[in-house]
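Trainee: Going line by line, the protein sequences match chains Y and S.
The number in this note's numbering is simply the position in the first sequence, starting from 1, with 86 added.
The number in this note's numbering is simply the position in the second sequence, starting from 1, with 86 added.
There are no misleading hints in this set.
In this list, chains with the same sequence are indistinguishable; a pair is considered to hold if it fits within one copy or across any two.
Listed below are the simulated DSS-like cross-link pairs for lysine-lysine, each with C-alpha atoms no more than 25 Å apart in a straight line:
| no. | residue 1 | residue 2 |
| --- | --- | --- |
| 1 | K551 | K703 |
| 2 | K165 | K312 |
| 3 | K379 | K438 |
| 4 | K551 | K687 |
| 5 | K703 | K687 |
| 6 | K89 | K519 |
| 7 | K715 | K581 |
| 8 | K310 | K697 |
Calculated directly from the structure, the hints in this document are not laboratory data.
Quick caveat: nothing in here was measured; it's all calculated off a predicted structure.
Protein chains: 2
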Amino acid sequence: MKKKGRFTLPAESGIDKEVKKLIDKWGADAIRNSDGTKLPKELMDLAVKVYTTYLTVRNDQEWAYSHKNQLQMQYLMSKHNIATSEVLDIDIMEGFFHRQFEVDKNHDIKRYWEVYDRNTGEAVDTASWDFNEGNQKVTIKNAKPWHRYTVSFLAYQVWDTTQMYNHLTNNWTTPEEMPYDAIHEETREHIFKYLEQWLRENPGVDVVRFTTFFYHFTISYNDKQKENFVDWFGYSASVSPEAMDAFEKVKGYKLMAENFVDEGYFNSPFRVPSKEYLDWLDFLQGFVCENAKKCVDLCHKYGKEAMMFLGDNWIGTEPYGEYFGNIGIDSVVGSVGSGATLRLISDIPHVKFTEGRFLPYFFPDTFHEGGNPTKEAVENWVQARRAILRKPVDRMGYGGYLSLALKFPEFVDKVEEIATEFREIHNNISGTKAYVPKFKVAVLNSWGKIRSWQTNMVAHALWYKKIYSYVGVIECLSGMPLDVEFISFQDIKEKGISEDIGVIINAGDAGTAWSGHKFWIDDEATVIIKEWVYKGGGFIGVGEPSAYQHQGRYFQLADVLGVDREMSFTLNYTRHDKQSEEKHFILEDQFESIDFGEGMKYVYKTGDDTKLLSMDKGDVNLSVNQFGKGRAVYLSGIPYTSENVRLLYRAIYWAATKEEEIYNWFTSNSNTECAAYLETGNIAVINNSNEEQKTILYSDKNHHQVMNLQPYEIKWIKIGQEHLI
Amino acid sequence: MKKKGRFTLPAESGIDKEVKKLIDKWGADAIRNSDGTKLPKELMDLAVKVYTTYLTVRNDQEWAYSHKNQLQMQYLMSKHNIATSEVLDIDIMEGFFHRQFEVDKNHDIKRYWEVYDRNTGEAVDTASWDFNEGNQKVTIKNAKPWHRYTVSFLAYQVWDTTQMYNHLTNNWTTPEEMPYDAIHEETREHIFKYLEQWLRENPGVDVVRFTTFFYHFTISYNDKQKENFVDWFGYSASVSPEAMDAFEKVKGYKLMAENFVDEGYFNSPFRVPSKEYLDWLDFLQGFVCENAKKCVDLCHKYGKEAMMFLGDNWIGTEPYGEYFGNIGIDSVVGSVGSGATLRLISDIPHVKFTEGRFLPYFFPDTFHEGGNPTKEAVENWVQARRAILRKPVDRMGYGGYLSLALKFPEFVDKVEEIATEFREIHNNISGTKAYVPKFKVAVLNSWGKIRSWQTNMVAHALWYKKIYSYVGVIECLSGMPLDVEFISFQDIKEKGISEDIGVIINAGDAGTAWSGHKFWIDDEATVIIKEWVYKGGGFIGVGEPSAYQHQGRYFQLADVLGVDREMSFTLNYTRHDKQSEEKHFILEDQFESIDFGEGMKYVYKTGDDTKLLSMDKGDVNLSVNQFGKGRAVYLSGIPYTSENVRLLYRAIYWAATKEEEIYNWFTSNSNTECAAYLETGNIAVINNSNEEQKTILYSDKNHHQVMNLQPYEIKWIKIGQEHLI
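Chain Y with its partners taken away, still in its complex shape (with noise of 0.2 Å):
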């Protein structure tokens, strides 16, 4: 096997003797900068790849600087202010941190901005309300008492997001940087003369690692230097005057303030997405794309290959969406948190290749005395390992500063045997597929494929209340050995339910956009998917599936399900519901008491045959149901657990009517999974537990053979040398 390949090492300067020792130790084939680090002259000049980060809307700080005009701006909205009398006076930027943002002063307000009464929902009149530029506030002329307020205002970035960050939790002490905005031609021309002219004289660059293009996801701190808001998908960062006006242009529509300001919510992936947002969407990404594109070709001209980060600066490009293929970027990068974000990566289409930095970064925060690094990377790796077994990425490495790592020689021994471990993957399956079933799953919510392996997130991979109950739906699937899609209701309404799909699962709170909100009374769309299920489809509902408070049901496929949830209003039915005591197909492999995660409180029985198979102070956890020819399984919620996979893999056999199925190519034991690449003849058997585990491998129900792993442990089995019996 090669003992070099496939593997990224971050630079630092100043150690370089130890760099080429690591390079060699790890394989690594391409070595990268990271913001704020600079490539030694002498390491890019060995025999590896140079990846170095390009910075599109920052790199020219001159620039920047004179053109404060044409910085990046985002939308604000005020904090609620309660009118007490006819006049309210507004500070905008109260709570906001001044040295992110500056107030623009040289759009026309009255177009731009929003003052809305927050009891009616109504913009107010714009004759009714001033700005003063000195003390920053907005008066009211003419408010109404007792109602709320608020003020929707552009403000300039004044500091580049990812550096402020940076300097407030790391301590960075460079100047600050502000991002330009390529919505002005003159900037847009000019960040494509300065790449140009960078890439002339770099020639020692081999990939242009752009981190990314031109528009931040969004991030606000607040007057005492915290996070105050973050959405890592977030566009209320890439708007402006100019934007909005080019907007109107293609779209033939105006869009105001609230269209992102959205009652202060900023269109967080958890609303149902407004008409005008999804066309934003539409418009940024299409400009987005389109310049994007020029970069790239920039590259190719001089030579280089280029990259892009999925993070930070991403937003507009949506791997999965209708423009990225346009880019034309050789390839794309991204921190690997978990399995979910590894497939995230690992699926982008239209790409090269796809290359993931692994955890943890080498950062104080984790290399420091009394650390564990080597923890944290192998639970990284095996949780990611089980995604790269369905749909690897193609190239790893790391973050952060080599000489903390150096620092942890168990650590950088750890890594030697992941990077190992990673290339002998690849050898083995050389780019083929391991087993799937014929059946897809489906996820469905209002976002559909745009938002592939991003479901229920907020930041990326960083775990939230609320959303981690949810999130471990596609965690788990990230490593099935299943064929995985991501739907919307609009798809379903467009198209119908295509044939090849057995499962689908609809996984969120009511209201949100992953639950599907008023989608839910949408005849075209529930009709579809029960007439579906009842003719043999399988569907999988958790925490608050299909919920919307309507004629008598709070889930709209109750009937489907065979439970709702208890809203107060049928308190006054007298509930008899019992926990099933059958053994059941789904539950075979749960040994210990379930983890549901926050769970739902208040889910009963609706249907005369639901069968309830796990409950908690008389509410529902898990039950089934059978409707016509289809199933139906409701979960109150299903967090990341290797007991938790093999419920979720089982209750979508069961959902799909293919319990026998499940045979095929299976491991008996939870905490091991196997994956079968039947074209290369090899199949693997992962322990995800840090204990040695016995399990029992099947090819199908009538074929099997007992294995032992070793605590992570990956064995590779030949077909053909196996002992099937």
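Mind docking chain S on chain Y? Use the hints.
Mentor: Just chain S now, kept in the frame of chain Y:
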């Protein structure tokens, strides 16, 4: 002190000697029969008052069986049925108890029944469906496939609800009785005639205990003979085509089945009542009270008192409603399940006296070997005693079989003690009221006064999931030295907030009548409330107060409360919420972790100055906020415990900005309370716990004395003879 009086004994035949002994021991001055028992002649001749149960609508079963077309009805709704083709058959009685209901075939079903498309919320054209009397199925001829349909229909109640309950629960075997409907003139006249004859034939009866008048609260049983639906407040069993026609004449418009069926929620008190439902209540109360008066007048004509049982067939009497006073009833008796249900009885206006039937019933569920009726009796008494000290019922009593009680001599002794204590209270307070501060507390919801002491209840005092953390509010209040009133949003819109109200409490789940639902986006009411708090009022929100998702807020009073609830749309806002470390007035008597009951997850801080007094896993359970000159308190839930009584009491004084005044007749130990009857010069200090307690009694902030109380003790102190220092 008198050793006799204010006590009603349940009679039992065959043990006359024991009954006489108990009359003496417990000091009974009245005996009564129960539903199902007869008073023996010998007992009736004793020199005590005799109550006799009178079942207005079922005493004459001959009438019932010979007038089956004049039996009472109930609106029922079939199960939800999903159309799988254009023809849909619905077995309307599926799941119902056939011995309870018989489908009405005597009226025009196309007028009184409705087939509903529950996808669209529209009634199906009457020409599109038919009913087959043979198989009891409704057939929809042109259903929309995959829509769900329900049939709302009228059924005769062929088994009286209370009798059915006793048959199925207590194994009664008397012949099945059926309730006839006073809406039919013929039946109505018969009811009066029969009553008059009975009055004539029963000269020995002193008090006619009506159980009750004309309509039972709603109960339906399922085909497994188990309770399916119960609503102690429900009016679905007081309806008939004749009543609907009469309604139309009075109110000028037609009611449809859906006005009663209400999507299958049957106008549960948790639903914000519709105009139509409120009109129906008004109509029915008018009818019931008018005719109840005729019954009462007859009793008076024969020199007897008339007493009404608050339960069973109480529907339409509404003691806190518009028409109750017209009845002219002498007294009300009701079951005392708690302090709140005691106040529900004792606060009833327009009567000469009230009587509480205490727990436990002398039934085998408690009075069996190994049972502990004494404990139940003491706990029931002590919980009710708090409320009695604020507003006593005039009389007490017990129900059930005396012979069972006699087997528990300890219980018999305990009842003697309780009766003595009860009479002692009356003796010491002489009809006066204990000290209360000048400000009142108002409980605000959609129902207001008519549901005084009945908020958030399902089946009288029974414990239910999702209510006990709210019922705690009124249970705590029932024994507090505070004047409490129940007001509606409509009251506020029409009359504003009256001067004497110091604190408003809004407690309930979002969407319910208790929380208020859309009322909170009705400017008229919210503007008044906000202004009132700002100018010095106190507002206490429990659970989901003022909740309605609208314009960036879930709690519409978020700015007043200083907190809101995370509904997944503000996950992107980074939380920096921390529990306050300051000592707070509200928590001064809390020494253990607070019991918030079911609580309310995901509540977070919105106000800069909101103080978070108690948090769990990052969620707010208790917070306080200053709003202008006023104050607001948020509580995630407050089930009834002694500690929570104190917590709410302090919250009320804090919200009212009257902290100093709390010491006016106050005890330091939260297991104890006091009631100061300044007019009679007596102070009661009670120990609500089963342990000895030391407490400090304050007459005001500067005068106090230490005292010890035995378990459950009530101690009386004469003003002037206390040792306040």
